[in-house]
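Number of protein chains: 2
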Amino acid sequence: MVKTPLIDKSDKRRVVILGGGFGGVELAKALHHSDVQVVLIDRQNFHTFQPLLYQVATAGVEPQSIVYPFRKIFDDHPNFYFRMAEALSVDTTRQIVETSIGYVNYDFLVVATGASTNFYGNAEIQQKAIALKNIDDALSLRNTILSNFEKALQIKDDAQLNSLMDFVIVGGGPTGVEIAGALSELRSHVFPKDYPELNFVKMDIHLVQSGDHLLKGMSLEAARRSKEILERAGVKLWLNCRVKSYDGFTVTLDTGETLCTRTLIWAAGVAGTLIDGFRPEAVKQNRLKVDAFNRVEGYDNVFAIGDIALMSTTENPEGFAMMAQPAIQQGGWLGKNLARLLNNEQLVPFKYHDHGSMATIGRNKAVADLVIFGNTYKTQGFKAWFIWMFVHLISLIGFRNKLIVVINWMWSYFTYDTGIRLIIGRRKENTPVEATTTKAVV
Amino acid sequence: MVKTPLIDKSDKRRVVILGGGFGGVELAKALHHSDVQVVLIDRQNFHTFQPLLYQVATAGVEPQSIVYPFRKIFDDHPNFYFRMAEALSVDTTRQIVETSIGYVNYDFLVVATGASTNFYGNAEIQQKAIALKNIDDALSLRNTILSNFEKALQIKDDAQLNSLMDFVIVGGGPTGVEIAGALSELRSHVFPKDYPELNFVKMDIHLVQSGDHLLKGMSLEAARRSKEILERAGVKLWLNCRVKSYDGFTVTLDTGETLCTRTLIWAAGVAGTLIDGFRPEAVKQNRLKVDAFNRVEGYDNVFAIGDIALMSTTENPEGFAMMAQPAIQQGGWLGKNLARLLNNEQLVPFKYHDHGSMATIGRNKAVADLVIFGNTYKTQGFKAWFIWMFVHLISLIGFRNKLIVVINWMWSYFTYDTGIRLIIGRRKENTPVEATTTKAVV
Numbered sequence: 001m002v003k004t005p006l007i008d009k010s011d012k013r014r015v016v017i018l019g020g021g022f023g024g025v026e027l028a029k030a031l032h033h034s035d036v037q038v039v040l041i042d043r044q045n046f047h048t049f050q051p052l053l054y055q056v057a058t059a060g061v062e063p064q065s066i067v068y069p070f071r072k073i074f075d076d077h078p079n080f081y082f083r084m085a086e087a088l089s090v091d092t093t094r095q096i097v098e099t100s101i102g103y104v105n106y107d108f109l110v111v112a113t114g115a116s117t118n119f120y121g122n123a124e125i126q127q128k129a130i131a132l133k134n135i136d137d138a139l140s141l142r143n144t145i146l147s148n149f150e151k152a153l154q155i156k157d158d159a160q161l162n163s164l165m166d167f168v169i170v171g172g173g174p175t176g177v178e179i180a181g182a183l184s185e186l187r188s189h190v191f192p193k194d195y196p197e198l199n200f201v202k203m204d205i206h207l208v209q210s211g212d213h214l215l216k217g218m219s220l221e222a223a224r225r226s227k228e229i230l231e232r233a234g235v236k237l238w239l240n241c242r243v244k245s246y247d248g249f250t251v252t253l254d255t256g257e258t259l260c261t262r263t264l265i266w267a268a269g270v271a272g273t274l275i276d277g278f279r280p281e282a283v284k285q286n287r288l289k290v291d292a293f294n295r296v297e298g299y300d301n302v303f304a305i306g307d308i309a310l311m312s313t314t315e316n317p318e319g320f321a322m323m324a325q326p327a328i329q330q331g332g333w334l335g336k337n338l339a340r341l342l343n344n345e346q347l348v349p350f351k352y353h354d355h356g357s358m359a360t361i362g363r364n365k366a367v368a369d370l371v372i373f374g375n376t377y378k379t380q381g382f383k384a385w386f387i388w389m390f391v392h393l394i395s396l397i398g399f400r401n402k403l404i405v406v407i408n409w410m411w412s413y414f415t416y417d418t419g420i421r422l423i424i425g426r427r428k429e430n431t432p433v434e435a436t437t438t439k440a441v442v
Numbered sequence: 001m002v003k004t005p006l007i008d009k010s011d012k013r014r015v016v017i018l019g020g021g022f023g024g025v026e027l028a029k030a031l032h033h034s035d036v037q038v039v040l041i042d043r044q045n046f047h048t049f050q051p052l053l054y055q056v057a058t059a060g061v062e063p064q065s066i067v068y069p070f071r072k073i074f075d076d077h078p079n080f081y082f083r084m085a086e087a088l089s090v091d092t093t094r095q096i097v098e099t100s101i102g103y104v105n106y107d108f109l110v111v112a113t114g115a116s117t118n119f120y121g122n123a124e125i126q127q128k129a130i131a132l133k134n135i136d137d138a139l140s141l142r143n144t145i146l147s148n149f150e151k152a153l154q155i156k157d158d159a160q161l162n163s164l165m166d167f168v169i170v171g172g173g174p175t176g177v178e179i180a181g182a183l184s185e186l187r188s189h190v191f192p193k194d195y196p197e198l199n200f201v202k203m204d205i206h207l208v209q210s211g212d213h214l215l216k217g218m219s220l221e222a223a224r225r226s227k228e229i230l231e232r233a234g235v236k237l238w239l240n241c242r243v244k245s246y247d248g249f250t251v252t253l254d255t256g257e258t259l260c261t262r263t264l265i266w267a268a269g270v271a272g273t274l275i276d277g278f279r280p281e282a283v284k285q286n287r288l289k290v291d292a293f294n295r296v297e298g299y300d301n302v303f304a305i306g307d308i309a310l311m312s313t314t315e316n317p318e319g320f321a322m323m324a325q326p327a328i329q330q331g332g333w334l335g336k337n338l339a340r341l342l343n344n345e346q347l348v349p350f351k352y353h354d355h356g357s358m359a360t361i362g363r364n365k366a367v368a369d370l371v372i373f374g375n376t377y378k379t380q381g382f383k384a385w386f387i388w389m390f391v392h393l394i395s396l397i398g399f400r401n402k403l404i405v406v407i408n409w410m411w412s413y414f415t416y417d418t419g420i421r422l423i424i425g426r427r428k429e430n431t432p433v434e435a436t437t438t439k440a441v442v
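First to last, the protein sequences are chains X and B.
Read in the working numbering, the first sequence has 306 at position 306, and its numbers run on one by one without any break.
Read in the working numbering, the second sequence has 90 at position 90, and its numbers run on one by one without any break.
Source of the hints: derived by calculation from the structure; they are not laboratory data.
Certain hints may be false.
Derived Cβ-Cβ restraints for the label pairs, each shown as a range [as the list claims (entries may be wrong)]:
hint, chain 1, residue 1, chain 2, residue 2, range
1, X, Asp107, B, Phe390, 36 to 46 Å
2, B, Leu342, X, Phe414, 37 to 47 Å
3, B, Thr252, X, Ser100, 27 to 37 Å
Part of the chain X face toward chain B, derived, beta carbon under 10 Å [to be verified]:
hint, residue
4, Leu6
5, Pro69
6, Arg71
7, Glu86
8, Phe119
9, Leu146
10, Glu197
11, Asn199
12, Val201
13, Leu342
14, Leu403
15, Thr415
16, Asp417
17, Arg426
Even for Gly, the Cβ is constructed at its ideal location relative to N, Cα and C.
Whole structure, please, built from the sequences with the hints as guidance.
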């Protein structure tokens, strides 16, 4: 394919934003009234609200409700241009980004490519496990879970049956904890009604965490309480453990123990999604080193925000946590700084406002460390759960999405049911299941 | 894979239903309190409300809202068993159905496999066109339409641009008319806002119909009015025309004229989805000949309902139209007849109640021929549109689905917008697009 410019030169200066996650979208919004041409490049034509991916994966909400088309977000921004493409590399000398569908020149470049699942170099796990970083992952996990039970109906052999009905989640951060909680709710209230022929006492949910407590980065109260809630819900916790290998059937832990599952859910870490073309000195641990203005080290007109940006501060020498809040705040802040830059004004160093963090574990159950006017309030249980719902709901883009998610949540709450247990599209199939002998009809 | 019985023998007699469309679901519901084991076999784990597939394809509603998991429909039916499998063939002597995951014995077999898209043997068209018979088709069409516009942004060459922005729909039945109407609404209200860089005067919507009027089977008033509405909406009608060939780029009509499109939407006909194993005498035009009790000709315990069943009556010597109403009514009726059969009572011949038919063409615009107490009322315009919405809404399974579809419809009605313009999953890519030269930024 002949590589051509994505967009013709205009008389305005051009800001190219790579990635439409929380940071990229916030930045593009902040540039609404600036005298620049804004070009957003993303592989998808929609923004994904990642904190609710686990609910798509566990059939709680429709994928459609947690994503929003970029073109719709920005349809009243006359200076906004979108291209659906993958950013491949950057030539900072010629000020050009190479993409999968052509190249684009920039006056200012903002790298907001976010992070991808980190398999720590284990190719086998990367191939056989399911991650949860985008809508495709979430749908693949949903389809896989449901298909497993459909297949289990034909299986009598105990090891085969366990491999289909058991789930191993790796990573005790918010995603891992939230999936474990959601799966245990489904096991209590939904699956036994859907599959009366299966015995759900056999369904084990394992959560493997390398550290000695869950929700690293949150308070010890949150860690203790989430452990308590998960254990009471029958989730088997493996603390101080790492997964050594996984062949699609057997998970081997570094303690030597083995677990048997066809569904290994990998939520053990993320790494910055770096593109080629940056000086090696600017890169550290797959992230771009930025100064207090989000400017990438050694460049004048290249910036990075969110997960991909490594902004070392006194409180966070290793950079901010790779989560939504720093990305959103850096996006908005950089928008203002770019406006200052265009007006030849002094840039203002980024200041992070920590609002705290939370994780939901099930019906009426969540943990939250909230920072309000500088004070930390720790709360667990119903109150935390209610705050979690409220915060996530108002953060969703679009009134229609909010409404449909509220309906789904209220529906599940009152009926102990979800409506979205559908197998549509791709699913993960490791070694095919051999239907040995049939199960007796209960 | 070793073939094993899907379900162990029970002491109850077993009714195996192949296919969970309108007919199969209605029958399984009707057998709720019968003293039989009901086994439903379907390739998907959900029922699809096919009349709204075109709205999924045109980004009007979420796929999740028009499908419903079988296990959820029947979770209070203790005699109901579901298996997700493809029925391959039947051995009527041994009373066994062979499926993709094993075999199943039956005492009574009901074929409700419905119909598939009929490409009339044209392999090229089958490979390059997009049909609209299931959720995968609908999503593929949605993704393709949106991807086309994303690609069009990079194209300057006129023929290439037209091929991406023009759409050719084959078939002037309800599906063809409804897609044409929905696309023209998107062209007027939605796409120009999403893609300000494209000139939508260039977007042509062609509807090719072999007969001399649209909506064959409906009244001439309905045909005339739908033609008028579509023409006023700028849809180009090709009546008395057939598509001769399509290479993924050029559509050649039997009149010799050619149209240029990368998206040929095939809604020109359906054919029964027959499985192997029936006596040739029982088969006519890919359908199973049935008597007035839906019993397949020459068999005692094999029945067929819906699209696959050819029930010749005085009014309909060629069988009922392959639409929802006959399927639903035959499903319910056969349920009662099977109950009679089990009680050694006399079977009652099927009686069809024609409620009429309708098609919607756009905002406030539809045509309807309603049959009420034996009288036909023909109505077009707003009233027909309102009735269309009401009837389709109450027919959807599940309160949650109804609610979410209502919200989507009201949302679109008041905002002239839809929220679901997402490219998620598979799309049809015929010959790759060569990005020749870029378009100027408007």
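| said: So, against the hints stated earlier in the document, which numbers end up violated here? | reply: The structure breaks hints 1, 7, 8, 11, 12 and 13; every other hint is satisfied.
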